[in-house]
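S.K.: Those protein sequences? They're chains A and B, same order as listed.
Note that the UniProt record's numbering has the first sequence beginning at 1, numbered continuously upward.
Note that the UniProt record's numbering has the second sequence beginning at 1, numbered continuously upward.
Treat the hints as calculated values from the structure; they're not laboratory data.
Computed from a prediction, not measured in an experiment: that's the story for all the values here.
Nothing false has been slipped in among the hints.
Where chain A lies over chain B, by a calculated footprint (3+ residues, C-beta under 8 Å): (1) 16-23; (2) 30-41; (3) 87-94; (4) 98-109; (5) 126-135.
Don't be surprised by glycine CBs; every beta carbon is placed ideally from N, CA and C.
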Amino acid sequence: MTSTAHRAVGQPIGRIEGPAKVSGEATYAAEYPVKDVVYAWVVQSPVARGTLKSVGTADGTLAVLWHGNAPAIEKVDDPELAVLQSDRIGYRGQAIALVVATTLEAARRAAQVISLEIDEEPHDALLTADHPGRYTPETVNPAFPPVSRKGDFDAAYAAAPVTVDVRYETPALHNNPMEPHATIALWEGDDLVLYDSNQHPPGVAATLGEVFGLPAERVHVIAEHVGGGFGSKGTARPNAVLAAMAAKVVGRPVKLALPRQAMFSMVGYRTPTLQRIRLGAERDGTLTAIGHEAVEQSSRIFEFAEQTTVVTRHMYAAANRYTGHELVRLDMPTPRWMRAPGEAPGMVGLECAMDELAEQLGLDPIELRIRNEPAAEPESGVPFSSRHYVACLREGAERFGWAGREHKPRLRREGNWLIGTGMAGATYPAMVQPSVARVRITPDGSAEVAIGASDIGTGARTILTQIAADELDLPVERVRVRLGDSTLPKASVAGGSSGSASWGWAVTGACRELRRSGKDEAVFDSTDLVKKQETDGKHAYGAHFAEVRVDADTGEVRVTRLFGMYAAGRILNPRTARSQFIGAMTMGMGMALHEEGVLDPATGDWVNHDLAEYHIPVHADIESVEAAWLDERDDDLNPMGSKGIGEIGIVGSPAAIVNAVWHATGIRVRDLPVRLDKLLTAGL
Amino acid sequence: MNLVVNGVGQALDIDPRTTLLDALREHLHLTGAKKGCDHGQCGACTVLLDGRRVNSCLVLAISQQDAEVTTVEGLAEGGQPHPVQRAFLEHDGYQCGYCTPGQICSAVGMLDELKQGWPSAVADDDLEAQIRERMSGNLCRCGAYANIVPAIVDAR
Chain A
1 MTSTAHRAVG QPIGRIEGPA KVSGEATYAA EYPVKDVVYA WVVQSPVARG
51 TLKSVGTADG TLAVLWHGNA PAIEKVDDPE LAVLQSDRIG YRGQAIALVV
101 ATTLEAARRA AQVISLEIDE EPHDALLTAD HPGRYTPETV NPAFPPVSRK
151 GDFDAAYAAA PVTVDVRYET PALHNNPMEP HATIALWEGD DLVLYDSNQH
201 PPGVAATLGE VFGLPAERVH VIAEHVGGGF GSKGTARPNA VLAAMAAKVV
251 GRPVKLALPR QAMFSMVGYR TPTLQRIRLG AERDGTLTAI GHEAVEQSSR
301 IFEFAEQTTV VTRHMYAAAN RYTGHELVRL DMPTPRWMRA PGEAPGMVGL
351 ECAMDELAEQ LGLDPIELRI RNEPAAEPES GVPFSSRHYV ACLREGAERF
401 GWAGREHKPR LRREGNWLIG TGMAGATYPA MVQPSVARVR ITPDGSAEVA
451 IGASDIGTGA RTILTQIAAD ELDLPVERVR VRLGDSTLPK ASVAGGSSGS
501 ASWGWAVTGA CRELRRSGKD EAVFDSTDLV KKQETDGKHA YGAHFAEVRV
551 DADTGEVRVT RLFGMYAAGR ILNPRTARSQ FIGAMTMGMG MALHEEGVLD
601 PATGDWVNHD LAEYHIPVHA DIESVEAAWL DERDDDLNPM GSKGIGEIGI
651 VGSPAAIVNA VWHATGIRVR DLPVRLDKLL TAGL
Chain B
1 MNLVVNGVGQ ALDIDPRTTL LDALREHLHL TGAKKGCDHG QCGACTVLLD
51 GRRVNSCLVL AISQQDAEVT TVEGLAEGGQ PHPVQRAFLE HDGYQCGYCT
101 PGQICSAVGM LDELKQGWPS AVADDDLEAQ IRERMSGNLC RCGAYANIVP
151 AIVDAR
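Only chain A is shown next, with the shape it has when bound in the complex (with noise of 0.2 Å):
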């Protein structure tokens, strides 16, 4: 079908829009210059629960809108869209107030001192194992049953000779690109125009239009280049809301960047999970039951459950199975999609846990894992499209230099510093979403795709350059890709690992059409072949391994080394895989030693939302952090035989690290992040 003259796919070909990104050039939401745009700073909710009575007026504003004085627009699906709707405050942090000004420094100045009458009432802040208002979702996110049974889980687990029962806790933690989430919104008539930061440019489109009552035509979203979302800007967030409505009120454009402390609370953090894991084990290492529940919160406005145990559904063999979902709905903001919701917290409990009982029985943990491994779907018993989890976990160990690890701790130390290896398992699902592509030859011969798609710093507009120039036969440097516009042909999100898998579904098809008709113009929607497909064991696989030191005085750790080895399908593009993979591993390091929202119970805040005390990982934090893979591809999964690599690296990768600061010191940290202090009070 296609000529090798120009292959494409595979090669480690730089980012399209590399030399846009590094000059300056590249253009974000908040920068697209809009003649006569105006500013708007949002007020925040001082308290966590009560009633807005009223809110003042402040001089040099062109505009104060809250609930007394904004105009009404249709309830969506997400009741935080519902902006300056209700009297009813849910969070502290929630917007209650837009002010609009003509320059920033007004707007912003007017919102700090605006006045405020608000009817306070007590409010719930705290998340606890305990927690009486517990209760178990009808689905976890997106449409996963809440609890699965398989055997008898109890009888089994009581009746095994080695068992583990532990629990994990993560704490809350923040997408926190490093582009603020932001919109310039103007109206041309009727028509909306979003210059807007996100992860989907047709469903902010088709939300947009339903929220101000207009088909999704009538809504222009522009995303050309996204500084980054983790899955909080998956959807329309109240800035975009905010932002339309503002502009309509004071009939100017309307610029809206939310200030970095407002991402703690209005688009969505990951939950706190507190986990229970139980596992009975033969003396042998063989599973014969596997528990894994977890307790995690949601708002009072809207119910969003973290699927953390689903993954436990698929990872390992054993008869007797048992997971379950609770939630707690509190006076606090809405959690939402974090990088790989479910799999990342969860795997954290899982893999800790396997690694406690590798301890019990003496056993590698690499060979723990193993004797665990499942022939077909654990549950289901649906076989594997392709699962090639051991093969990683032989390989990573080969080239990180496992063999020959003591099992037990605290043996190696050099000067200060104690020394510890660790590893753990990872597995992302490779999903796949309908998406529709247009290509078009050009009267020079070159070719344009068009899609509606997001590149986030996926690497989205190089992958599908290269795969629409081997479908073409065409040199990469005469297909030209369109993407971040919401009027291009409809694609899916930019989330949970199906950007490429989904949107070069499209355009392969789209090229092929293209092809075969002879014509110089070709669309092509992927819904109906999307649809038809098992979801049911398609996964990418991976093992972490790290090694740690930490400092026998300080508690201070330091990742020496970190590796992921993964089998995730045809790998499309080394060279933005690899940025992928290591990216997501080094957003895992920060989950496993940096990253916590930190409670105020008193206030209902989070006391640290702000870049400065929220701790990411830094540059003085990586030393070396490397990525390999394993050749592998998938022909039942999509024409390209990919699979989707974005979030896998933030899976296990935590537990890794976890379990090998266990193995430098002989101290289990059980609640996530593993501060220096929780070494120390532990006695190291």
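Since the structure of chain A is provided, determine the placement of chain B on it from the hints.
M.R.: For chain B alone, coordinates are given in the frame of chain A:
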């Protein structure tokens, strides 16, 4: 007020509370310098003031009327990208690109500090450790650090 940005004089009639970052982004439409936190905590807004790197969100524009401001847009010479810019391309020293102009400006300033023997918290001669320490005010949420440091080493 008057500013000199990338060698060009600019007359501005703006609110005296305007930060250098907002003057660049909102009034001169030089949006290469990014606003990530507006509090000097992320480094995305890093520019050079008389060759020295600063967080432009922490500087009032009105206080810099005598300085030469260099932004990422002003680093290229004769249409050729700066060696640090080239090295970022070669090493894939970014993903989303939002921290990138700040990383690049910071690296340019940092390499000069290194050349001049400015002290750092890292005492040893390990060049990569030195760079990591000196670049730690520039956050990258995509986690491109492991590519950025080799890029800076190459550009040195």
